[in-house]
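Protein chains: 4
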Amino acid sequence: MDIVIKGGTLVLGEGVFPAEIGITGEKVAAVGQSLDGGRVIEATGCLVLPGGIDAHTHLGLSLGPDLASSDDFESGTIAAACGGTTTVINYAEQCGYASLLEALDAWQAKAAGRAVIDYSFHMLIIDPCPDVIEEMAAIVQQGVTSFKALLAYKGIVMLDDAQLFRVLERARDLRALVNVHAENGHLIDELVAACRAAGQTAPRYHALTRPEVAEAEATERALALAEAAGAPIYIVHITCARAVDALRRAQARGQAAFGETCPQYLLLDERVYESEDFDTAAGYVLSPPLRERGNQGALWTALTAGTIQTVGTDHCPFTREQKARGRDDFTLIPNGLPGVETRVPLLYHYGVREGRLSLSDWVRLTATNPARLFGLYPRKGTLLPGSDADLVIFDPGKRVILDAGHLHTHTDYSPYAGWEVQGWPRHVLQRGRFIVEDGEFVGQAGGGRFIPRRPFALPASLA
Amino acid sequence: MDIVIKGGTLVLGEGVFPAEIGITGEKVAAVGQSLDGGRVIEATGCLVLPGGIDAHTHLGLSLGPDLASSDDFESGTIAAACGGTTTVINYAEQCGYASLLEALDAWQAKAAGRAVIDYSFHMLIIDPCPDVIEEMAAIVQQGVTSFKALLAYKGIVMLDDAQLFRVLERARDLRALVNVHAENGHLIDELVAACRAAGQTAPRYHALTRPEVAEAEATERALALAEAAGAPIYIVHITCARAVDALRRAQARGQAAFGETCPQYLLLDERVYESEDFDTAAGYVLSPPLRERGNQGALWTALTAGTIQTVGTDHCPFTREQKARGRDDFTLIPNGLPGVETRVPLLYHYGVREGRLSLSDWVRLTATNPARLFGLYPRKGTLLPGSDADLVIFDPGKRVILDAGHLHTHTDYSPYAGWEVQGWPRHVLQRGRFIVEDGEFVGQAGGGRFIPRRPFALPASLA
Amino acid sequence: MDIVIKGGTLVLGEGVFPAEIGITGEKVAAVGQSLDGGRVIEATGCLVLPGGIDAHTHLGLSLGPDLASSDDFESGTIAAACGGTTTVINYAEQCGYASLLEALDAWQAKAAGRAVIDYSFHMLIIDPCPDVIEEMAAIVQQGVTSFKALLAYKGIVMLDDAQLFRVLERARDLRALVNVHAENGHLIDELVAACRAAGQTAPRYHALTRPEVAEAEATERALALAEAAGAPIYIVHITCARAVDALRRAQARGQAAFGETCPQYLLLDERVYESEDFDTAAGYVLSPPLRERGNQGALWTALTAGTIQTVGTDHCPFTREQKARGRDDFTLIPNGLPGVETRVPLLYHYGVREGRLSLSDWVRLTATNPARLFGLYPRKGTLLPGSDADLVIFDPGKRVILDAGHLHTHTDYSPYAGWEVQGWPRHVLQRGRFIVEDGEFVGQAGGGRFIPRRPFALPASLA
Amino acid sequence: MDIVIKGGTLVLGEGVFPAEIGITGEKVAAVGQSLDGGRVIEATGCLVLPGGIDAHTHLGLSLGPDLASSDDFESGTIAAACGGTTTVINYAEQCGYASLLEALDAWQAKAAGRAVIDYSFHMLIIDPCPDVIEEMAAIVQQGVTSFKALLAYKGIVMLDDAQLFRVLERARDLRALVNVHAENGHLIDELVAACRAAGQTAPRYHALTRPEVAEAEATERALALAEAAGAPIYIVHITCARAVDALRRAQARGQAAFGETCPQYLLLDERVYESEDFDTAAGYVLSPPLRERGNQGALWTALTAGTIQTVGTDHCPFTREQKARGRDDFTLIPNGLPGVETRVPLLYHYGVREGRLSLSDWVRLTATNPARLFGLYPRKGTLLPGSDADLVIFDPGKRVILDAGHLHTHTDYSPYAGWEVQGWPRHVLQRGRFIVEDGEFVGQAGGGRFIPRRPFALPASLA
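Chains as they are written, first to last, in the working numbering: chain A, 1 to 463; chain B, 1 to 463; chain C, 1 to 463; chain D, 1 to 463.
Chain A extracted, bound-state conformation (with noise of 0.2 Å):
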């Protein structure tokens, strides 16, 4: 074996173990004991995870002419690998083709020879007329087996309910996941334009023309639509109790059901909102908004019991200029936030540390199950011979005060801004090399490979 790890705690989203890994090339070898190999890497003291898997990012997410997200496929995979990710299932938007492939090819292009992370894309459908709903059989043959669809923003990409059943219909034949956004646009819109018929311009407006009844509605409608399509359905970015419990009622029933929350909903609350500063509650706009805090014990509660599967960031980053193209109107203020870079170790953090979470817990939710649910399993999201050697050695006592002069993404604020936190990745290996040395970055653009992922199986319970 050309490396061993020796002396660090296996964490898997199975359990907890002391053993070592070996790894020979890009892969594990062998997970045991006194293995022998080449170089041996030093983990006393230290977890040993798989590479985490954020299914939710928007790197080089184009919102016209002249705006996009902050972060390209460049610095959004070197931000998450100085956090201990190791892949990315990036949004690609099917916006401005007529062809599902064509954007796709330009989304890989977007990516190749930038990323430094591997990476992959879920196809987001804005059009599903004919010709596309038969061209996602070539998608899913280029490995790209998941589909995102919108019941918001009307007019741009939201999708109406028999055009959603469609995309869910093809996919259950395809055996691919639909990813939904599940907030009601119409219901959104009519509040928007009350808003600003009144002359209602500041950033709290945001948070109040996406009531949680929005995301709640959307969601009952979202699962009601899988059901009768008998197809599997991911609803991400959950934000309140409401759509917990519709998530719950469903599986239930029996439903192949699955959920994302993202740590800004489990550690932040709407009071941001209230801020008289334009770019500190600007800095919080994203959609769904941040709720009321008595919804982030549901969250929490959900993501034990089961109800939820992963924590995704939904990373769209943008800067305090970008945001202010907004100051006068909050329906311009680009929505989004940076995350990628802190999701595992804010999970260590007030998960694991705070007792809310298991070490396996953990993983679980920002690997292993993003991993089986998206087709990756057992490549990524766990350490098990023939899995690709992506893993982080996590040192559990490292302090680190978040701060955006510190973090890699580009962005000029952080929404979690002066939090300590307890836990970091000291290396990140990705197939067998350091991409992450002592805390720094030391990979390249290009590193990150395009991982052709497998079909959706059923059934599977993830939690």
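Worth double-checking, as some hints may not be accurate.
[Said to hold, decoys possible] Here are the computed lysine-lysine pairs in the DSS-like style, where the Cα-Cα straight-line distance is at most 25 Å:
1) A:K27 - B:K154
2) D:K154 - B:K154
3) D:K27 - D:K6
[To be verified] Pair by pair, the computed Cβ-Cβ distance ranges are:
4) D:E437 - C:G446: 49 to 59 Å
5) C:D131 - A:E420: 54 to 64 Å
6) A:G297 - C:G64: 49 to 59 Å
7) A:D269 - D:A417: 32 to 42 Å
8) A:A445 - C:D131: 52 to 62 Å
9) B:G96 - D:T331: 29 to 39 Å
10) D:A193 - B:A197: 33 to 43 Å
No lab work stands behind these hints, which were simulated from the structure alone. What you are looking at is a predicted structure, and each value in this text was computed from that prediction instead of being measured. A virtual CB, placed ideally from N, CA and C, is assigned to each residue, including glycine.
Please build the complex by placing chains B, C and D on the supplied structure of chain A, with the hints as guidance.
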């Protein structure tokens, strides 16, 4: 390595891998590829699984001076081994002893020198007086980190709510997990008295006097008391949708609440009690009784939705002659069914083959989750380096017709008589040694060991 | 007083009393004992009830140039009168009119001079453009204080969520109650298209393409939009347990959410669609369709538990010849059943006589609650001083075999053909005058009046 | 007619009418317009309501040789009358008597010659031995058609589940309604013992030792036992959302399950226990205790959604001196609050005036529903011909500051001290005679009568 298992598909609770298992002495030494070892066991075409753990058996149960379950630790564990189970956790009853330690000693003596597979005990508490509550610590120190309490069988083993609460509080402090038999004994006894007064003596009245509401109520109550105590809880042998719903609501409140069902509740229903033949009907008399068929879907869904974590058996066989004691009075029919030998194959056939469970679900429900809940993990319940080399080489193509004549349990009937299942253990190893080879038992009485268990660890999501 | 009704048992929504009713002119003058009056109507052995109110009829419904429901305002209201109903609230469709007022005028013209009982309209909105939204106020000013919106029949009458939300907000401001037909038209049309593509043309596919999930989803959604609007809402023709559950959860959240079911959903089930005889199956084609029988218990319980407040009929009859249009294509079968004449007796027989409803429940569900919800109370729906003297002297002993030949609706079949019910109206008075005497219709075309209704009043618990 | 009340607005549980009430002797003779009568009572600007019925009082409750609730049947009923309540149903305790009949006789003697308003009893059962179960029939024959059972106060009045089940079955056969105090006495006593052991003696520990889970659990259990018995059930003094949820689920299963809450749970919350002043905190010590404020919304919603049917008071006052017995030990504080005088006005002010209840809701919750549930209707609880002429002429404009000095109950504090309410009874008549005139009590000790009640009638929807 002493042994290498090659060519099989490794099925763990976490996933399915093409991997070899290397064994040194009693332990798994490595999981990997191209492993070197002395003896090679060929497993091509087979599944390689961690040995099953049946956390609910009643071997050697005495119900009075002249009545005992028909399997002792030898016959019962031979049956277990042949069916792919390498560890049982048997109920050690306090009955007849003022001291828990004395009772445990007596149960240790029953098992020692007889058990052919590894074993542990849950300590059943029938009189939680202050001395007994105090003594619970000594039991835990012996590695018996779970207790059992019953809410039925008034005047025999039933605890009242204050007693159960004391047990829960103490168990919480000792990091032990309380198993609860949740049926309302008060209600059942009232219904039984009414049947007796009306001269209703047939086996069907057993089921009619133990209605779902008695189970649903007691399940709610046990969960509430655990919530008040801040203690984890494990509800044994859940049979019906209402009890599942109670458990689901407790989990949604954030409780560390777990549940078990049994193959008989997943596969059989109350129509068996309508048989005119006493022997036939009496053979299915167990507590809780079989339910209306509509509950089965809810139970299967609970297994994949993560509401119920384990499938045990409540193995407690009696012969027809023993059952005949209740020919004129259903209350005298000894309660119980055999099941320890058929659990793993039935779950494979009706779960995996019929598309209700994934392979990983199957292993998780029958091995990994019992191990994690009861402090055996990762020594048992998985096959990772350092784990005991307890494993099953399972032939997914072998067809077996279930029949008391071929099964190894000491009963003269099978509840599944005549059913054909596909998939059966070919070889079974315990701690590196064959105990079943080519389907034949090759172990020996006393080959099994008492396994001290670790404390209950919180939080842990298990689905 | 002009008339005194003596000897009967007065049944109001609130309770049952031995009391006389005194009538002066068109009004109840007194409720008491030993009242003096001119004409005495003997009611010994009979129940004296407020005249029934059927808040869901489609008299005079045009479905195109050559297709209309087979009852006009004369035949339909004669049937209503004979069955104990003295007021109908009919759906006035906007179809074909840009202006609601014009549409309402047209409907007023259809009814005037023909209706034999009193009537009102719900105004159905199919195009809630700004002018129509504005015009809603004028409709309310005419005493039409309820509107209807449909979430099915895409491209014909279906509103999208933004449109429904606008209607709800406007109705809230105008203190009007929005009735919603809750089925997801998008989903239904997709399922219909699939059946057509597969050449599945028989009536049973009508039911299979309008599954429960389509109703459950749309019910959830309508309730959510009403919640967001802060508007009261009334879900028409609820058919299944899942929709009841959605309504119950909305009420538990504190919403002013109300529901209606119909006798056909309480008494009939989907097995009728299996008939090989097209006429038989087509006779039961209505929307939503009849459901699995298990839903009936949930609907009956919802009536007494206060979850559903009213029983209407969705009376919309067609002849067999009309139904035959869909012989080769189920989508061409005109949807609907007769029901206005049999509602009150069916609820008496299967509700009161079979122990599911109290006498007061019966009157509340069929008269008092519709009156209260739709602004007719206390003029209609009760018999207290000042109320219109609309009343039924109901003979609880009279047996009637239901049969199209004897019933008064203009259809050549009855969905209940051959059923015998006990209990039927003997006399019916409207505003103090006999319209049915000894079971014979004695009223006259044009005897009915348009009744302006009061605004919706909140809060009101109605069960 | 002897008396005619003119000019007022008649408020019944069913609706609101401009109507006159004619009284002949003790009875309502007519409800109508332009009635003729001897004495005319002018009610212009006032509401005319049926006299309130408080189905939950503890007048004359003895808690030992030297401790009794501070209101006897005279002072307590004077307070009731002044607050608009003309009938109380008081708990008659079995305590100290082997025979229910003897106990009832003793309670009849306590009331006779003292009560100034009409009264009945619920018979509290503490020892349901076979003789007592048998004797229940004799109690019902005396017109006492409801019983009470407690699941708290172990060793004093608590029943076990078998005992409660026997009472429920017997009551079902006798058509009586069982009232249940639903708190888990086992759990409470364990928590109390722990507080005592820890030297925690302040009033706040009263609340901490009777947590919501104790009520929620016992509510579930009582409902389950009633379901098993096929008996109707009435849960007294519901305080929290979880108990409401349990009741709602029972109703959704189709059970005849009813509930009561009290003004104190709607209006006060647990923060009062934080007072440093013993007298203040102790003044609010009652069982169940006041809860977190978040429960109030759920209770108000339950009133209008029809989940909870009545508002009683649990009137059980003690003086500060009496409360002071528990200065050093919260378990010695006599439990209870005054409330019988303020119930109707508080519900008017905080319910009707603040928009939470309609006028009819108010009357239904405080008079009509208690009458219907407890067999007093239509003699009491409404004002229809034949009803007792028990009525309140309520001045909706009168402002009153609540204060122990002005209220008539024999206590030296009010839980609502200093609160100003608008709306108070001007005149109160019982069976046609003034007992309160212009706000002054004008009745006399012994003017009230024992009212035999009718059996419980099923089904009845009451919301």
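Exercise. Does 54 to 64 Å hold as the CB distance between D131 of chain C and E420 of chain A, or does it fail?
Worked result: holds (60 Å)
Problem set entry | A445 of chain A paired with D131 of chain C, Cβ distance criterion 52 to 62 Å | The hint (52 to 62 Å, Cβ to Cβ) holds, given that A445 of chain A and D131 of chain C are roughly 59 Å apart.
Exercise. Taking 29 to 39 Å as the hint, is the beta-carbon distance of G96 of chain B and T331 of chain D inside that range?
Worked result: 38 Å Cβ-Cβ, so the 29 to 39 Å window holds.
Problem set entry | Distance restraint evaluation - D269 of chain A, A417 of chain D, Cβ atoms, bounds 32 to 42 Å | holds (37 Å)
Exercise. Range hint 49 to 59 Å: satisfied by the CB atoms of G297 of chain A and G64 of chain C?
Worked result: Distance hint for G297 of chain A, G64 of chain C holds at roughly 56 Å.
Problem set entry | Restraint check for K154 of chain D with K154 of chain B, where alpha carbons must lie at most 25 Å apart | Holds, at roughly 18 Å.
Problem set entry | Cβ distance range 49 to 59 Å for E437 of chain D and G446 of chain C, holds or violated | holds (54 Å)
For this session: Decide if the proposed pair is consistent with the structure: K27 of chain A and K154 of chain B, CA atoms, cutoff 25 Å inclusive.
Result: Cα-Cα ~60 Å, so violated.
Exercise. Straight-line Cα separation of K27 of chain D and K6 of chain D no greater than 25 Å?
Worked result: Distance of about 16 Å is within 25 Å: holds.
Exercise. That 33 to 43 Å hint for A193 of chain D and A197 of chain B (C-beta), does it hold up?
Worked result: holds (39 Å)
Consistency note: the structure conflicts with earlier hint 1 alone.
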